[in-house]
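Modelling step: build the complete structure from the supplied sequences, incorporating the hints.
Going left to right, the sequence shown walks through residues -7 to 233 as this note's numbering numbers them.
Everything labelled a hint here was simulated from the structure, so no lab data went into it.
All residues carry an ideal CB built from backbone N, CA and C; glycine is no exception.
Just so you know, not all the hints are guaranteed correct.
[To be verified] Dumping the calculated EDC-like pairs for lysine to aspartate or glutamate here, alpha-carbon to alpha-carbon at most 16 Å:
hint : residue 1 : residue 2
1    : Lys169    : Glu183
2    : Lys128    : Glu207
3    : Lys129    : Glu199
[As the list claims (entries may be wrong)] For each label pair, taking beta carbons as the anchor points, the in silico distance ranges come out as:
hint : residue 1 : residue 2 : range
4    : Gln44     : Glu207    : 27 to 35 Å
5    : Glu86     : Tyr31     : 35 to 43 Å
6    : Pro182    : Phe106    : 42 to 50 Å
7    : Leu26     : Gly143    : 34 to 42 Å
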Amino acid sequence: MELMAPYRLQPESVRSLFDRIAPTYDLLNRLLSLRRDVYWRRMAVREFSGQQGHFLDIATGTGDVAIELIRQGIQGRKVVGLDFSEPMIRRAREKLLKKGLLQSVHLGLGDALFLPFPNQLFSGLVIAFGLRNIPKKREALVEMVRVLKPGGKIVILEFTLPERGWMKRLYLVYFTKILPRIGGWVSGDPEAYAYLPESVLRFQSAEEYRALLKESGLAEVSIRSLTGGIVSIISGIKNAR
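See the structure below:
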């Protein structure tokens, strides 16, 4: 399979893509993952179990992770959801309004490379299925560390490839052949769902993400594989010193 052309990783191209698929984003997440995406987000947010304070959800999309942060949280937990796609933020706001959570979650447009927050503001930070879309991943992680309190945790939820065996072979067929066709048909945007497997194949290993977190100054970096390794949770702690 030919990997993604460089231009498609340009921020404006990626933003335009997500703007276009916003109306069918939730439907296709559930359909294409057989609803496992709900479980994956739940497990990622569980990494913050018992923590309170302010949390930042980067690439919040339609707000599912932000909602889960509140659902699992204790009284007083506040969440900021940030995304670069205005249609996605509108969808998230509609969802939060229906659930009565607009007082607990603040939504805004923003760039992961230039977070509009002071140093050491957040107790925890999560980015779900978004880091692979950022060309300058290390710079983005350094910026995330900047706004995190000492002792705070960063959680990355991302697609990865199973390392070996029948699961890898089966997944590659589904991911590169079947998923783009279903996604393109339902969304009416074949390019968008061709981009998904290409973006994962360009940066496919949980170990690559682990190395990035360590390079960004995080300690106690760990990996947790889900659903046979097709998704991984990579987390790290900001040193308290």
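Checking one constraint from the list: CA of Lys129 to CA of Glu199, max 16 Å. Satisfied? Holds, because 14 Å separates the two Cα atoms, which is no more than 16 Å.
Please check whether Leu26 and Gly143 have a Cβ separation lying inside 34 to 42 Å. For Gly143 against Leu26, whose Cβ atoms are near 37 Å apart, the range 34 to 42 Å holds.
Please verify whether Lys128 and Glu207 have alpha carbons no more than 16 Å apart. At roughly 13 Å apart (the allowed maximum being 16 Å), Glu207 and Lys128 satisfy the hint.
Go ahead and decide if the range 35 to 43 Å is satisfied by the Cβ distance of Glu86 to Tyr31. violated, 24 Å
At the C-beta level, are Pro182 and Phe106 separated by a distance inside 42 to 50 Å? violated, 32 Å
Given the hint that Lys169 pairs with Glu183, test it: the Cα-Cα distance must not exceed 16 Å. holds, 13 Å
Could you tell me whether the CB distance from Gln44 to Glu207 stays inside 27 to 35 Å? holds, 29 Å
In this structure, the hints that do not hold are numbers 5, 6, in rising order.
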